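Asks: Here is what each chain is made of, one letter per residue.
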Amino acid sequence: MVDKLSNKFEDSFIKVYQSTGDTFVLVEPHNIVDICRYLKEELHYVYLNDIFGIDRFTTEDRFEVVYNLISLRDREKFFLKVRLPEEEPVMDSITDVWQSASWMEREVYDMFGIKFNNHPDFRRIFMPEDYNYYPLRKEFPLLGIPGSIELPNSTPDTE
Amino acid sequence: MGIESSLGDGFLTTKVDALTNWARSNAAWPMPMGLACCAIEMMAFAGPKYDAARFGSEVMRFSPRQSDVMIVAGWVNYKMAHAIRRIWDQMPDPKWCIAMGACASTGGMHRCYGVVQGCDNFLPVDAYISGCPPRPDALLHALMKIQDKIRTEHSVTLDT
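As they're listed, the protein sequences go chains A and B.
Letter by letter, the first sequence follows residues 1 to 159 of our numbering.
Letter by letter, the second sequence follows residues 1 to 160 of our numbering.
Just so you know, these hints were derived from the structure itself, not from any lab.
Keep in mind the model is a prediction, meaning the values are calculated, not measured.
Treat the hints with care, since some could be wrong.
Claimed, not checked - Chain B side only, calculated, beta carbon under 10 Å to chain A, not exhaustive: (1) R61; (2) A81; (3) D89; (4) Y113.
Quick reminder that beta carbons are idealized off the backbone N, C-alpha and C, glycines included.
Kindly produce the complete structure, drawing on both the sequences and the hints.
Replies: The following block contains the structure:
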């Protein structure tokens, strides 16, 4: 699978490595949609298990978006990774390939502030829409920003 | 024993306060606000083994308008806090609140941005229960404390 992928997408393939029994493939973000479509349609990775973000807290390529793909036919799974810079972490949405990516990408956006182009319904998924912070970034304090989310009034509505 | 001796059998004299407090304290119907694993212990509290019916609290009222004691059982996140407050506002006075378990009392192990660090940030809590989750006996204990509190209240003057 890795050979086919690296031959087909020579210029966007960066590296492959193994860790804790899993295979990780690192690629360039610019043609992620083509890569995903190729993986789904030619290599039968039909099941997008998860998408998640990582804040590596490094000066270069700070953010990482990880796709966990499963081939039900070949009983294989691997992680496809993309690295994004700290300034303007933007990449293309893969909702055209797997529709289930919609909510997962929204979650990555909500927690890390990574933006996805061509997403059909691009909103935050957990936090309020007017919330100005991305909670899973490393600089975000554990207990949140005091007063940033509204608590209910402690006097009844009717008074 | 002036007046009672002339009333005959079947009559007793008491204060209105004492009578209403007696009635209220023995019919404190809970509003179950089951939000997490504490709710399972709350079910055991209502079930036959621990039997909250002994204290007149066996009827879990899922309508806030029919209940007296809100049992906040579990962690409260910011989104849920608004719903809880709304339900609390719909409960008729007089009403009491039990914060069941570490999470409802202080946030517990959920020390993070999404969880309210103790439901007393937006609710007037009468009894806190420690434990994660507390045993049903502990909830019974809290209920008995609430009953003690009700019995010492001046119910007639309280009603504003």
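Asks: For every hint, state whether the structure bears it out.
Replies: Hints, one by one, checked against the model:
A least Cβ separation of about 19 Å between B/R61 and chain A goes past the 10 Å threshold, and the interface hint is therefore violated. Given the 10 Å rule on beta carbons, the hint for B/A81 holds: about 5 Å separates it from the nearest Cβ of chain A. With its C-beta approaching chain A no nearer than about 5 Å, B/D89 sits inside the 10 Å limit, and its interface hint holds. Satisfaction of the interface hint for B/Y113 is found here, the shortest Cβ-Cβ separation to chain A being roughly 3 Å, below the 10 Å cut-off.
In summary, the one numbered hint that this structure violates is 1.
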